[in-house]
Every structure is written in C-alpha cells, then in structure tokens.
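J.: If you want the building blocks of each chain, they are given just below.
Number of protein chains: 2
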Amino acid sequence: MSIVDVSLGRNLASLELFDALSPAALDEVRALARFKHLTRNTRIFNQGDGSVRAHALIEGCVRISQSGSDGAQVVVRFITRGEMFGTVALFTDGRYPADAETLTECTEVSWSEADLAQLMDRHHRIALNFIRIIGKRLQDAQNRVRELATQRVERRIAHALLRLARRSGHRNSEGITIEFPLRRKDIADICGTTLHSASRILTPWEKAGWLVTRDQRLTLCRPDEIEQIAENGET
Amino acid sequence: MSIVDVSLGRNLASLELFDALSPAALDEVRALARFKHLTRNTRIFNQGDGSVRAHALIEGCVRISQSGSDGAQVVVRFITRGEMFGTVALFTDGRYPADAETLTECTEVSWSEADLAQLMDRHHRIALNFIRIIGKRLQDAQNRVRELATQRVERRIAHALLRLARRSGHRNSEGITIEFPLRRKDIADICGTTLHSASRILTPWEKAGWLVTRDQRLTLCRPDEIEQIAENGET
DNA sequence: GGAACAATTTGCGCTGGCGCAAACGCTCCA
DNA sequence: TGGAGCGTTTGCGCCAGCGCAAATTGTTCC
Chain A
1 MSIVDVSLGR NLASLELFDA LSPAALDEVR ALARFKHLTR NTRIFNQGDG
51 SVRAHALIEG CVRISQSGSD GAQVVVRFIT RGEMFGTVAL FTDGRYPADA
101 ETLTECTEVS WSEADLAQLM DRHHRIALNF IRIIGKRLQD AQNRVRELAT
151 QRVERRIAHA LLRLARRSGH RNSEGITIEF PLRRKDIADI CGTTLHSASR
201 ILTPWEKAGW LVTRDQRLTL CRPDEIEQIA ENGET
Chain B
1 MSIVDVSLGR NLASLELFDA LSPAALDEVR ALARFKHLTR NTRIFNQGDG
51 SVRAHALIEG CVRISQSGSD GAQVVVRFIT RGEMFGTVAL FTDGRYPADA
101 ETLTECTEVS WSEADLAQLM DRHHRIALNF IRIIGKRLQD AQNRVRELAT
151 QRVERRIAHA LLRLARRSGH RNSEGITIEF PLRRKDIADI CGTTLHSASR
201 ILTPWEKAGW LVTRDQRLTL CRPDEIEQIA ENGET
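Chains as they are written, first to last, in this note's numbering: chain A, 1 to 235; chain B, 1 to 235.
Because the hints were derived from the structure by calculation, they are not lab data.
It is possible that part of the hints are untrue.
Identical copies carry no separate label here, and so any pair may be met within one copy or between two of them.
Straight-line Cα separation of at most 20 angstroms, EDC-like style, residue types lysine to aspartate or glutamate; simulated pairs [to be verified]: (1) K136 with E113; (2) K36 with E16; (3) K136 with D224; (4) K185 with E101; (5) K36 with E113; (6) K207 with E225; (7) K136 with D49; (8) K36 with E105; (9) K185 with D70; (10) K185 with D121.
Turn these sequences into a full structure, and let the hints guide you.
T.: See the structure below:
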C-alpha cells in the first residue's frame, strides 16, 4: 500500500455515512474507527453472527449474500468504495442477516455498536445520512421484488447488468466494464435464476458482441442493445 | 366515531415512530400533526406524486402497492394500526414510490416534510425509531427477494398467509382471522403470481378445511398444515 | 508443463405455472 | 326479480426455465 493509499484510504469524509460532517466530527469518527486490510475471498462476517459492528468499505469490493435454511442463495448487494454494510443489524436483532465476503483486496473500517450510537448521538447528521442510505436501499429492494415478481429471466439479467454498470462501471475503449469479478453464478444469484439459465442467456449476447467476459470482469460493449431487452423484453 | 375513538385515536404514543417519547415531545408532535378520516377504498397518495408527507395510521388498514411501467403490480405491504407509511420518500427523491389505498375506514395522521425534520432534530429518539423501523422493513424486503428467487408459488403463498396472520391475525373459535379484506388478486400480487394460480392453490386448501374465506376475510383454520407447506414445500 | 480443480457451456426432457377463455356465484341496485 | 358487475373457479394448451449430466474451457499450483 502506498503513502497515497494510506492518506486517501483513511479519508473518512468520502464515506456516504459521514457525508457533510465537520472536520472536528470526522476526527471523532476516526478516533473510534478500526481499520482492517483484507485479502481476496475473505469472510468479513457470517449470516447469524452476533456481536455486530458497523462496517464501511474504503477500497475494494464486497459481496453480501443471504442463504435460506434450504441452502438456496441470493446476492443481496455488492458493496464498493465508500459504502457502508452490515449496519442495519445494529438497529434490529443484533445479528447479521447475511454473509459478507471480499471479492478483491479490500480496506475496511468498522465501529462498535456503542461507538456508533455515541457518534450518532453527538452528530445528528450521521443518523440522517443513515436514514437516507437505507431508505434508498429499501426502495432498491422493493424494485427488485417487483422485477422478480413480474419479469422473466432475460429481462431481469439485462436490468441487473445495466444497474451494475451504472453503479460500478468504468467507461473504456471497449465499452463499460464492471469493476468487480462476476461469475455466472453471481449473476444467477442476483437475478434469482440458475447458473445454467444465466449462461444460456449470456452466451448469445457474447456471441452477438454485446458484451465480453475477460478475467472474470464483464464489459458491456453494446449497452443500447441490452437496454432494449431490459425495456421491451425483446430484441 | 365515539368519544373513546377520538381520545384513543389521537394517542400518538401508540405509533411506532414515536415510541418512548416524553409526554412533552408528544405534545409537540401532536401540535404539528394533521388528522384525517378516510372512507374505504380511498387513495391516500399515488406513485410518483411529489410534495410528500410522512403518514401514520391510527386506525384501519392501508394497502401499499407499486406498479411498473408495463402495468404489472405488486403489493409492497399492508399497513395497520400504529404503523408509518409513505415516509421513506422524504429522505430520498421526494416522490412516493408506490400507491396507498385504504381497505377499510381509516384514521390517518400526517406531517409535512419540514415539520418532521424539525421534530427529528429536536427529538433524536424519533430518528432512531425511524432507523429501526425501516431497517426492519429492509430485512423483510430482502427476505421477500429470497423467497421470490428460490421458492415456488405454493410455498410463497403459505409463507405470505402465515406472515399476515402473525402480524394482523385475531384468534377466534374457527382459527386465526386476518383483519383486513384480501381478494385473490391481492394474494397474487403479494406473492408475485397470477390471480389464477393463487386461486388454483387456495381452493384445494379451502376444500381441505385448512382455511375459510368469508366476507373477503381469510381465516386460517389449520395453520399447522399451512406451516408444513411453508417449511417443506410439500404436504 | 501437466495434473487437479474451477467455471462455463450445452443437450435433453420435463413440468410448474402462465395465458386465455368460459362459466359460475354473489351482491347491489333499478 | 332480473341483470349488471365484480370476484372467483376451472379447463386446456403451451412454453420458459429448471434439473441433470456430460463435455469443454479456463485457472491454479506443483
């Protein structure tokens, strides 16, 4: 890690949760923070674990996934730089409702329940930021429910890819590349389908040149075509 | 409306959002509140409307439903006595993300965006309550995503009925009656299926005596049998 | 470089559940 | 009393997408 990373990495002002906080308040936040560096494919916490902390990601990508008693799995969300995660449990039953696993090398920061409560108490803005963030996620989740309930697989996959590209895509000469590794299984678990169906749908799109998979990274070369499918459900 | 209703109806302490507030704080809350009495099947707000307010229900039942650009509909949630609704929009884009319609005669109370902000600012507890509530709803929504993604219709319907019964059921001699009117279409829209499939599944259950529909109200006579289906996916 | 492993593709058969359309039953109102 | 309207049930045909299994390709680690 370079010097730049250290200073940039510890710049908590870039975290959505601490947006618009005064420098003095950020100092308090920093004083209570616990930083951690993690390698790829590391579990940060497991579904059902107690003694929860509030997490945020400074660098890297994390996959949040949930599995039912029958073993079936869904990807709840991908977390990227600046986003918080595992925080809702602090205010509900004190157990993580899902697993968190790093997809890349990561720098994570976390606060204990008591410390976050204290910070929120002293800095009202944090609570408001929190509300805004999970309010947005609640809307996302409800849109997802609607999609799952009403659209067929092809269209759901198209939507999912576009959403990922919009949120975590980097434009380059080939198209828009989604910044974290995405296996077919991940795409299936996002869209509520099977690995097989996801493959069956994506392969023709690759053949048509609408997207490329390279080094587990997905690049949308023809977002317009994919948009078509997302909108009309047809080519 | 009787005198009892009026005094009880205005007891804002029974609203989840104002739980554990001091009497003085509740007075402030009451001073800014706008009460409204509504007849059955009334629209409270429409998806997309601006100039949002924060709502809570003192008496009655409200259906929150969302429809996509293609007309497909899902029921997001049923609101009953004490619950807040339409509040998340205040913190996101300022537009209601769904429709709200009364299913019974209702007493509703609401606050303007500015007034709620002021109340939250003066009484930190309100913000914390808010976080707890939408945190819980976020978890609910994510569980629903998982169900939709992994379980088949029969099981989803079983789960939905049990959840409704648990949250809004009254025990009586026949079994547990869900307190608000539920048409087949509603059940379908909760579970992400069609009216037809819902009917095809529920009719055998009625024939088996596991439940009864009377006056648009559903009574679970054999929750144990329905639990079986919810758990195992089989009888 | 090659063996062991992980991820992906693909063929095939089957079925859950959708879509359509028609019939049935209840309630309200003229 | 009858008919208009809403909600529900049910028959029938069809197909999207799952499950299984095998082949293929890509990746990692000696």
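J.: Please work out whether the CA atoms of K185 and D70 approach to 20 angstroms or closer within one copy, between two copies, in both situations, or in neither?
T.: within (17 angstroms within a copy, 29 angstroms between copies)
J.: Up to 20 angstroms between alpha-carbons, please classify K136 paired with D49: within, between, both or neither.
T.: Result: close only across copies, 17 angstroms inter versus 25 angstroms intra.
J.: At most 20 angstroms between CA atoms: does that hold for K185 and D121 within a copy, between copies, both, or neither?
T.: Close neither inside one copy (42 angstroms) nor across copies (45 angstroms); limit 20 angstroms.
J.: For the identical chains here, do K36 and E105 meet the 20 angstroms Cα criterion within one copy, between copies, both, or neither?
T.: within (11 angstroms within a copy, 54 angstroms between copies)
J.: Since the copies are identical, ignore which copy is meant and state whether K185 and E101 lie within 20 angstroms (CA to CA) inside a copy, between copies, both or neither.
T.: Within one copy only: 15 angstroms inside a chain, 39 angstroms across chains, cut-off 20 angstroms.
J.: Tell me, please, which holds for K207 and E225 at an alpha-carbon limit of 20 angstroms: within, between, both or neither?
T.: Answer is within; shortest intra-copy Cα gap is 13 angstroms, inter-copy 49 angstroms.
J.: Given identical chains, is K136 near E113, meaning Cα to Cα at most 20 angstroms, within a copy, between copies, both, or neither?
T.: between (22 angstroms within a copy, 17 angstroms between copies)
J.: Within a copy, between copies, both or neither: where do K36 and E113 come within 20 angstroms Cα-Cα?
T.: Close inside one copy (17 angstroms), not across copies (39 angstroms); limit 20 angstroms.
J.: Between the shortest in-copy and the shortest cross-copy C-alpha distance, which are at most 20 angstroms for K36 and E16: within, between, both, or neither?
T.: The answer is within: 19 angstroms in one copy meets 20 angstroms, while 37 angstroms across copies does not.
J.: Please work out whether the CA atoms of K136 and D224 approach to 20 angstroms or closer within one copy, between two copies, in both situations, or in neither?
T.: Neither way: K136 and D224 sit 26 angstroms apart in one copy and 37 angstroms across, limit 20 angstroms.
This entry does not satisfy hints 3, 10, going by the numbered hints stated previously.
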